[in-house]
Structure formats: C-alpha cells, structure tokens
Amino acid sequence: MLIKHVSDFNIEQIADSGQCFRIDKVTDGKWRLRAFNRELEISQRQEEVRFDCSAEEFDAVWFDYFDMSRDYGAIKSSILALGDEYLSAAVKFGYGLRILRQDLWETIVSFIISQRNNIPKIKNTISKLCHDSVHFPSVAELAEFSDDKLKSCGLGYRAKYVKDLAQNVRNGSFDLDKLKKLNYTQAIDYLKTQSGVGDKVANCVALFGLHKTEAFPVDVWIKRIIDTYYNGHFDASKFKDYAGIVQQYMFYYERAKGK
DNA sequence: TGCCAGGCTTCAC
DNA sequence: GTGAAGCATGGC
Numbered sequence: 004m005l006i007k008h009v010s011d012f013n014i015e016q017i018a019d020s021g022q023c024f025r026i027d028k029v030t031d032g033k034w035r036l037r038a039f040n041r042e043l044e045i046s047q048r049q050e051e052v053r054f055d056c057s058a059e060e061f062d063a064v065w066f067d068y069f070d071m072s073r074d075y076g077a078i079k080s081s082i083l084a085l086g087d088e089y090l091s092a093a094v095k096f097g098y099g100l101r102i103l104r105q106d107l108w109e110t111i112v113s114f115i116i117s118q119r120n121n122i123p124k125i126k127n128t129i130s131k132l133c134h135d136s137v138h139f140p141s142v143a144e145l146a147e148f149s150d151d152k153l154k155s156c157g158l159g160y161r162a163k164y165v166k167d168l169a170q171n172v173r174n175g176s177f178d179l180d181k182l183k184k185l186n187y188t189q190a191i192d193y194l195k196t197q198s199g200v201g202d203k204v205a206n207c208v209a210l211f212g213l214h215k216t217e218a219f220p221v222d223v224w225i226k227r228i229i230d231t232y233y234n235g236h237f238d239a240s241k242f243k244d245y246a247g248i249v250q251q252y253m254f255y256y257e258r259a260k261g262k
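The numbering used here puts the first residue of the first sequence at 4, with every later residue one more than the last.
It is worth saying that the hints were derived from the structure and are not from the lab.
Hints may contain errors.
Listed below are the simulated BS3-like cross-link pairs for lysine-lysine, each with C-alpha atoms no more than 27 angstroms apart in a straight line [claimed, not checked]: (1) K33 <-> K181; (2) K184 <-> K28; (3) K152 <-> K33; (4) K33 <-> K195; (5) K184 <-> K152; (6) K154 <-> K95; (7) K126 <-> K33; (8) K203 <-> K184; (9) K126 <-> K152; (10) K95 <-> K226; (11) K203 <-> K124; (12) K241 <-> K126; (13) K131 <-> K226; (14) K7 <-> K152; (15) K241 <-> K262; (16) K226 <-> K241; (17) K95 <-> K183; (18) K243 <-> K226; (19) K166 <-> K124; (20) K203 <-> K154; (21) K262 <-> K126; (22) K124 <-> K7.
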C-alpha cells in the first residue's frame, strides 16, 4: 500500500469522466482500475490517495498513467485567468480531472465502440470483451474473435470496424508504432484511414491514447456547449497544448449538470 | 415503451 | 462540399 498526497486529483471524477471505461467503484471511497494487464485499487480521502501497489510499480506504471508530471494547478490557473464564466465554472467543478495516458490499442478499440453509444453500455461491452478479467484482448486475439462472439459482447454494427482494424494491425497495413511517432495532424489523418474512425474518435485516440493534449474532440456534448454558451463559435486552438484538458473540464461539467 | 447514446459511412444533390 | 438516412444494441 502506497499513500501519496496528490493535489488536482480526484479518482471519482476521473472514473466518471468518460475517457476510460475500466475504472469501477468497488465500495464507498474505493475504486478498481484495470489497465496494462494489471489491476490497481485506489482509495481517496481529500488529497490523501492510497494506491494498492508498491512504490516501484507506481513509479514504473501508474505515475505516467495518471499524468503525474503535469502541473494541472498551473493549467487551471491559466484557464481561470481568461475570465470565461463557463470555463471557470467547469474548471472549479472538475478540479480533480486528469488526462490519463492509456494504452493505445485499448483506446482505439474503446472509442470505436463509444460511437453512438452510452457510457454504461460501452463499459459493459468492454468488460465482456475482456471476459470480465484484467486482460484486454490483444490485436491477435481480437483479429480472431468470431462475428458471433463480437456480437455477443454487444458491439452491434461496430463489430466489423473493430475486426477490420485488428486484422489491419496484425497484417501490418495499419502500424501502431508508426502512429506513435506522428505529430497531431498526421496522427488524425492516419487514424481516419480506418473504417469506423472519424474526426471525433480520432481526436479521442489522439488525446487519451497518444497524449496529444492539443486534440479537442467535439462530440454532441461539446457541440451543445458551444451552441448554448458560445453562440456556435469556439476556437479551441487558442489553448494550444492544453485544448484537450479544457475539453475534458467542459465535457465533465456539462454532463454532470444534466444529471 | 420508446427514446437515445463521447458518430460514422454511404449516397443523393 | 453539404445534408440526410441508416445503423445494432441495451440503458434509462
């Protein structure tokens, strides 16, 4: 058990932020995260966070996963300094959000599944793909999943997208190592060569799987915010390399308001 | 019980 | 290039 004092971090907000689909609340104050073929229990009280792992594992795996090297306090301050009423409220509300550095393969598959879908069902589908274990299916494994198996996991019409992608990665026509080396614009274009990956999914992959924090995924929620509070015009590029973080505060705040 | 969900592809025009 | 239809499935 490792106890750390972490500011600008709230595991409940992160778990409910819609960027990852394998963090579940176990009991009050305790969450279970599955990633990288590992399982991690996390509990939190104020800024005291308990990670159920060794210091070595934390430094090797989870420090980067939770983006611990980034100063979110400074980013929030610069957003608040803009004096934008909506963004200020969003930042204050989602004060403990972070952009996770997730596994690239899992992120692409997860966000293909996310299209025209709701978060509880996305989580359920991914859990079934994993056989409710810590193991997310590899490229080779997913390429071999039968259509019936994918359908029984609840992928619906997205089954073909996922299977084609897995087969393309396996046979080398879509190269994840190449993708990792591309800049933001190149990565978006390359991702969109795959069937089932459009602008929104590509931007989610860039943000959550490649950690291109200039990515600004525009989904129905963000569209609604822009239409309602910004008269249909919102230039995310002014935020440069933290546009994606701004997006996450907006998304989380707007969704929470609807509940 | 329908409506809708972190969109995308296809096909008119 | 823009716009609208169609899409599988289950949570609510």
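Going through the hints against the structure:
no.	hint	in the structure
1	K33 <-> K181	violated (38 angstroms)
2	K184 <-> K28	violated (35 angstroms)
3	K152 <-> K33	violated (32 angstroms)
4	K33 <-> K195	violated (38 angstroms)
5	K184 <-> K152	violated (33 angstroms)
6	K154 <-> K95	violated (41 angstroms)
7	K126 <-> K33	holds (18 angstroms)
8	K203 <-> K184	holds (20 angstroms)
9	K126 <-> K152	holds (17 angstroms)
10	K95 <-> K226	holds (21 angstroms)
11	K203 <-> K124	holds (19 angstroms)
12	K241 <-> K126	violated (33 angstroms)
13	K131 <-> K226	violated (31 angstroms)
14	K7 <-> K152	violated (42 angstroms)
15	K241 <-> K262	violated (30 angstroms)
16	K226 <-> K241	holds (17 angstroms)
17	K95 <-> K183	violated (33 angstroms)
18	K243 <-> K226	holds (19 angstroms)
19	K166 <-> K124	holds (19 angstroms)
20	K203 <-> K154	holds (24 angstroms)
21	K262 <-> K126	holds (19 angstroms)
22	K124 <-> K7	violated (33 angstroms)
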